[in-house]
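S.K.: If you want the building blocks of each chain, they are given just below.
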Amino acid sequence: MSLDTVKNAEQTPDAAQPWAELGLKEDEYARIREILGRRPTGAELAMYSVMWSEHCSYKSSKVHLKQFGEKKPDSDAMLVGIGENAGVVDVGQGYAVTFKVESHNHPSYIEPYQGAATGIGGIVRDILAMGARPVAVMDPLRFGAADHPDTRRVLPGIVAGIGGYGNCLGLPNIGGEVVFDSCYQGNPLVNALCVGVMKHEDIHLAQASGAGNKVILYGARTGGDGIGGVSVLASETFDDTKPAKRPAVQVGDPFQEKLLIECTLEIFREKLVKGIQDLGGAGLSCATSELASAGSGGMRIELDTVHLRDHTLSPEEILMSESQERMCAIVEPDKVDRFLEICEKWDVIANVIGEVTDGERLEIFWHGELVVDVPPRTVAHEGPTYERPYARPSWQDALQADAPTAERLARPTTGEGLKADLLKVASHPNQASKSWITDQYDRFVLGNTVLSVGEDSGMIRIDEETNLGVSVATDGNGRFAKLDPYTGAQLALAEAYRNVAAGGAKPLAVSDCLNFGSPEDPDVMWQFAEATRGLADACLVLGTPVTGGNVSLYNQTGEVAIHPTPVVAVLGVIDDVTRRVPLAFAEEGQLLYLLGDTADELGGSAWSQAVHDHLGGLPPKVDLERERLLGEILISASRDGMIDAAHDLSDGGLGQALVESCLKGGHGARIVVPEGTDPFVLLFSESAGRAVVAVPRSEELRFNDMCTARGLPATRIGVVDGQELDVQGQFSVSLTELKDAHTGVIEALLG
Amino acid sequence: MTTRVGVVTFPGSLDDRDAQRAVRLAGAEPVALWHRDKDLHQVDAVVLPGGFSYGDYLRAGAISRFSPVMQSVIEQAKLGMPVLGICNGFQVLTESHLLPGAMLRNNHLHFICREQKLRVENAGTAWTRDYAAGQEIRIPLKNMDGRYTADARTIDELEAEGRVVFRYLDVNPNGSINDIAGITNAAGNVVGLMPHPEHAVEPLVGTGGTDGLGFFTSVLKQLVNA
Numbered sequence: 001m002s003l004d005t006v007k008n009a010e011q012t013p014d015a016a017q018p019w020a021e022l023g024l025k026e027d028e029y030a031r032i033r034e035i036l037g038r039r040p041t042g043a044e045l046a047m048y049s050v051m052w053s054e055h056c057s058y059k060s061s062k063v064h065l066k067q068f069g070e071k072k073p074d075s076d077a078m079l080v081g082i083g084e085n086a087g088v089v090d091v092g093q094g095y096a097v098t099f100k101v102e103s104h105n106h107p108s109y110i111e112p113y114q115g116a117a118t119g120i121g122g123i124v125r126d127i128l129a130m131g132a133r134p135v136a137v138m139d140p141l142r143f144g145a146a147d148h149p150d151t152r153r154v155l156p157g158i159v160a161g162i163g164g165y166g167n168c169l170g171l172p173n174i175g176g177e178v179v180f181d182s183c184y185q186g187n188p189l190v191n192a193l194c195v196g197v198m199k200h201e202d203i204h205l206a207q208a209s210g211a212g213n214k215v216i217l218y219g220a221r222t223g224g225d226g227i228g229g230v231s232v233l234a235s236e237t238f239d240d241t242k243p244a245k246r247p248a249v250q251v252g253d254p255f256q257e258k259l260l261i262e263c264t265l266e267i268f269r270e271k272l273v274k275g276i277q278d279l280g281g282a283g284l285s286c287a288t289s290e291l292a293s294a295g296s297g298g299m300r301i302e303l304d305t306v307h308l309r310d311h312t313l314s315p316e317e318i319l320m321s322e323s324q325e326r327m328c329a330i331v332e333p334d335k336v337d338r339f340l341e342i343c344e345k346w347d348v349i350a351n352v353i354g355e356v357t358d359g360e361r362l363e364i365f366w367h368g369e370l371v372v373d374v375p376p377r378t379v380a381h382e383g384p385t386y387e388r389p390y391a392r393p394s395w396q397d398a399l400q401a402d403a404p405t406a407e408r409l410a411r412p413t414t415g416e417g418l419k420a421d422l423l424k425v426a427s428h429p430n431q432a433s434k435s436w437i438t439d440q441y442d443r444f445v446l447g448n449t450v451l452s453v454g455e456d457s458g459m460i461r462i463d464e465e466t467n468l469g470v471s472v473a474t475d476g477n478g479r480f481a482k483l484d485p486y487t488g489a490q491l492a493l494a495e496a497y498r499n500v501a502a503g504g505a506k507p508l509a510v511s512d513c514l515n516f517g518s519p520e521d522p523d524v525m526w527q528f529a530e531a532t533r534g535l536a537d538a539c540l541v542l543g544t545p546v547t548g549g550n551v552s553l554y555n556q557t558g559e560v561a562i563h564p565t566p567v568v569a570v571l572g573v574i575d576d577v578t579r580r581v582p583l584a585f586a587e588e589g590q591l592l593y594l595l596g597d598t599a600d601e602l603g604g605s606a607w608s609q610a611v612h613d614h615l616g617g618l619p620p621k622v623d624l625e626r627e628r629l630l631g632e633i634l635i636s637a638s639r640d641g642m643i644d645a646a647h648d649l650s651d652g653g654l655g656q657a658l659v660e661s662c663l664k665g666g667h668g669a670r671i672v673v674p675e676g677t678d679p680f681v682l683l684f685s686e687s688a689g690r691a692v693v694a695v696p697r698s699e700e701l702r703f704n705d706m707c708t709a710r711g712l713p714a715t716r717i718g719v720v721d722g723q724e725l726d727v728q729g730q731f732s733v734s735l736t737e738l739k740d741a742h743t744g745v746i747e748a749l750l751g
Numbered sequence: 001m002t003t004r005v006g007v008v009t010f011p012g013s014l015d016d017r018d019a020q021r022a023v024r025l026a027g028a029e030p031v032a033l034w035h036r037d038k039d040l041h042q043v044d045a046v047v048l049p050g051g052f053s054y055g056d057y058l059r060a061g062a063i064s065r066f067s068p069v070m071q072s073v074i075e076q077a078k079l080g081m082p083v084l085g086i087c088n089g090f091q092v093l094t095e096s097h098l099l100p101g102a103m104l105r106n107n108h109l110h111f112i113c114r115e116q117k118l119r120v121e122n123a124g125t126a127w128t129r130d131y132a133a134g135q136e137i138r139i140p141l142k143n144m145d146g147r148y149t150a151d152a153r154t155i156d157e158l159e160a161e162g163r164v165v166f167r168y169l170d171v172n173p174n175g176s177i178n179d180i181a182g183i184t185n186a187a188g189n190v191v192g193l194m195p196h197p198e199h200a201v202e203p204l205v206g207t208g209g210t211d212g213l214g215f216f217t218s219v220l221k222q223l224v225n226a
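Protein sequence lines correspond, in order, to chains G and U.
Note that my numbering gives residue 678 to position 678 of the first sequence, counting from 1, and the numbers run on in steps of one.
Note that my numbering gives residue 45 to position 45 of the second sequence, counting from 1, and the numbers run on in steps of one.
Some hints could be false.
What the hints assert, rightly or not - Computed spacing ranges between beta-carbons, pair by pair:
#1 Arg639/G with Pro68/U: 47 to 53 Å
#2 Thr149/U with Asp310/G: 36 to 42 Å
#3 Ile74/U with Glu270/G: 30 to 36 Å
#4 Arg309/G with Leu109/U: 28 to 34 Å
#5 Gly124/U with Ala586/G: 33 to 39 Å
#6 Arg309/G with Thr149/U: 31 to 37 Å
#7 Thr149/U with Gly666/G: 31 to 37 Å
#8 Gly415/G with Thr149/U: 31 to 37 Å
#9 Ser698/G with Ala133/U: 37 to 43 Å
To be verified - In silico DSS-like links for lysine-lysine, alpha-carbon gap of 25 Å or less:
#10 Lys345/G with Lys38/U
#11 Lys506/G with Lys71/G
#12 Lys434/G with Lys117/U
#13 Lys117/U with Lys664/G
#14 Lys434/G with Lys419/G
#15 Lys199/G with Lys335/G
#16 Lys72/G with Lys621/G
#17 Lys38/U with Lys739/G
#18 Lys424/G with Lys506/G
Keep in mind the hints are simulated off the structure, nothing from the lab.
Here a beta-carbon is modelled for each residue, glycine too, at the ideal position from N, C-alpha and C.
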């Protein structure tokens, strides 16, 4: 094939182009021709097609996402907001923290190990590109039914990929989620979160300014992997009626990434870069157009100077390649030598591939011939926007009407019955111990992990002298969101917020990963619109701005969409990590208090799933002011040493929380059902805004006074005691029996 | 004079800063050593930290052995300098023939990260004199290739000479021969083990214990007394 230059494109306006195969719609192709005033070259078409894909352009979602800006709460903590690689939050003492959660769903279904591994690699580079040292990762994961044969194919590979990549980078994995539900059978959700830490003055942005500054591409060589990954994988559902495309999942090399991290941090320390961007989806197309678009506008690239792994690659392929472990930096000419020296020290390949110009065009040359000549904003920031039609699904009313009342779903009425259901919930794969998975991740490396797996949140010390720390929790409940996406999204935020507060940290900011089905389905689009509206409204009330995140659409197999699954990550700060509160009941004799109100709320609950395989009714109500009050009480109590353990109540309710806190601490509990309370509702309801805490006897008065003064209901429900969980007058179950039910479940299915 | 303990950074080292922190908490001065630099900068002892040096390409520890810094470490170890190899560092020591045997992939074929109980079998090495023989300690373990192996004669020799320094208790996490977690050379100055003492030096983080600090205080005493 001969080279398709700009000159050639001008001379052959009617040449047929594969715009449809590249995922573009007819009107999108027409718009490209209009922007350029001619047909695009092959390389230009490649760039527009990847950058205008759903994954890169957010064309279906951005009309809804703008609420996160419009309803943004006032927060002194925000240093960098939405639109950069990741948001940045001020955590005090001169430190800034950046964090973001992203999806790698589709690649992980096709090739579980590499899909999940490169998901970690990508999010870590996003964090690095902000100027931060990555310090921890987390993984919210969702799979099909735990006993389905395909889960056996997908899960071990994904877990090994996350471990294989994250462990080799030396980043502690401090938590996440593992959820099983048949709605994810053909479309697992692999979300990955990374946290990074820097000083305020180290914040870097992705922009190219200053004519004459050099563009340096460094890291791995560019190969043929992941070409078209963005437009093919993220924008259309898998359809085996179309011809197979080239292998589209990227292959990762964590060793190369580790060198890239250390090399980049050393470059930052010497203040050698003006702007920086990692290469992720859409590779060099994305990095060059975004850098130029966010900067002064002009850039000139000599594409034949790019180091290649495969010398047969065409310019189109080089621009679209999603080879991993690459970064692009803008460097002043007098700093280029030192930059390259540091790269050489770390054995990282680097070379100057172009420069910033004072023009307004992104010009890319291939052996001296102009193959791309575009206004960069039209590629990177002015892609198409769709107002997709949406409507409340016709089935929504019937689903909500199917409430799990005592008449609809049989409830246990005896102590033995309660015990049997408690064990069913605790041994359901969703509530069972995930240690078979989390033991494959290094949680100790870097030596700052204060709280990690099995806790409500992950907590990292960021200053060894002052004990300043940050904590992160991720939560999402697709079942709740299916019943009511507005409330479901708010519940996800409320739970993550509560989890952070339960550890003793003050929630500051939010990142979200919005996993939904096809935006071309009005039902799905309604779910998306409702969930974003719910999340934005709740963030405003709780004062936690959304700092960034990611949207993943087309999560479905055939016509069936996954449950709408907004995953919400909350970042919090704690002034002194020695005050952190774990969830284990570790001291005999401490008093157990239930904080908050418990109502008969079983819609979408773990009990309704584990015992009846039922989904219907309404999710628990959300009271955000109550969540905020509960959070303040938990934080004050931790700071002043009034509580020694705290566990938020969510999946499985109080019963499951007691099981986890007893097993983790190796102590039982005696629980007294308060007068007038239905023991079933007490144990299994999933009312929001609640936590269970262990209070030393010496602190009881002070703790009670605080709750009373602040107006938070606090009910004494028992005491830490013995080797049994004893619900007085109902049943008693030994820790051994609880442990047998709660552990070994995942291994038995997948090990 | 402060005791200087070098911690080598290979490309792909991960626990180097953790090892430096452990050295500091034990009261010595950590000195960063770079793989390309033969100069040991007058250190009194060396720690080879955990990680995936040179990406574990070829075989864990196989390429590190040929790095410039290792030429000096091998030379000094033979002259009696205390050297501790943790995890990947242990693999480097066996590849360098400072310690016998080799590590195979864990028998269950998974990476494993857990708190591990160990028994200190030999409290006479440069890195264990602050423990009592028979003492039980809990420190983290995390690796993919941790299954210690050697030929029968070597194993017999190690056992007979009391050169098995640590043994796994309760659970053998990887299928290592005789539950071996760590060994020493005949002189007792070179010790290698798979678990990570440097992650158990502060009550707040890691396993929440300080059972690993003794490694670093031991070598300090050894050097002061020497």
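S.K.: State for each hint whether it applies.
M.R.: Structure-based check of all given hints:
1. Restraint check, Arg639/G to Pro68/U: a C-beta distance of roughly 51 Å satisfies the suggested window 47 to 53 Å.
2. A hinted range of 36 to 42 Å for the beta carbons of Thr149/U and Asp310/G is consistent with their spacing of about 39 Å.
3. For Ile74/U and Glu270/G, the hinted distance range of 30 to 36 Å is satisfied, since their beta carbons lie about 33 Å from each other.
4. The beta-carbon spacing between Arg309/G and Leu109/U, approximately 29 Å, falls within the hinted interval of 28 to 34 Å.
5. Checking the proposed 33 to 39 Å range against Gly124/U and Ala586/G shows it holds: the Cβ atoms sit about 36 Å from each other.
6. Taking the beta carbon of each, Arg309/G and Thr149/U are about 36 Å apart, inside 31 to 37 Å as hinted.
7. Between Thr149/U and Gly666/G the CB atoms are about 35 Å apart, so this pair conforms to the stated range of 31 to 37 Å.
8. Between Gly415/G and Thr149/U the CB atoms are about 53 Å apart, so this pair departs from the stated range of 31 to 37 Å.
9. Range check, Ser698/G to Ala133/U: about 42 Å between beta-carbon atoms, so the 37 to 43 Å window is met.
10. For the proposed pair Lys345/G and Lys38/U, the alpha carbon gap of about 15 Å is at most 25 Å, so the pair holds.
11. A threshold of 25 Å between alpha carbons decides the hint, and for Lys506/G with Lys71/G the separation of about 21 Å falls inside it, so the pair holds.
12. Distance check on the hinted pair: Lys434/G and Lys117/U sit about 21 Å apart at the alpha-carbon level, within 25 Å; holds.
13. With a C-alpha separation of about 18 Å, the suggested pair Lys117/U and Lys664/G falls inside the 25 Å cut-off, and the hint holds.
14. Between Lys434/G and Lys419/G, the direct Cα distance comes to roughly 22 Å. Compliance with the 25 Å bound is thereby established for this hinted pair.
15. Distance hint between Lys199/G and Lys335/G is fulfilled; the C-alpha atoms sit about 22 Å from each other, no more than 25 Å.
16. For the proposed pair Lys72/G and Lys621/G, the alpha carbon gap of about 23 Å is at most 25 Å, so the pair holds.
17. Taking the CA atoms of Lys38/U and Lys739/G, the gap is about 53 Å. The hint is violated against a cut of 25 Å.
18. Simply put, Lys424/G and Lys506/G have alpha-carbon atoms about 34 Å apart, too far for the 25 Å limit, and the pair is violated.
Hint compliance for this structure: hints 8, 17 and 18 are broken, all remaining hints hold.
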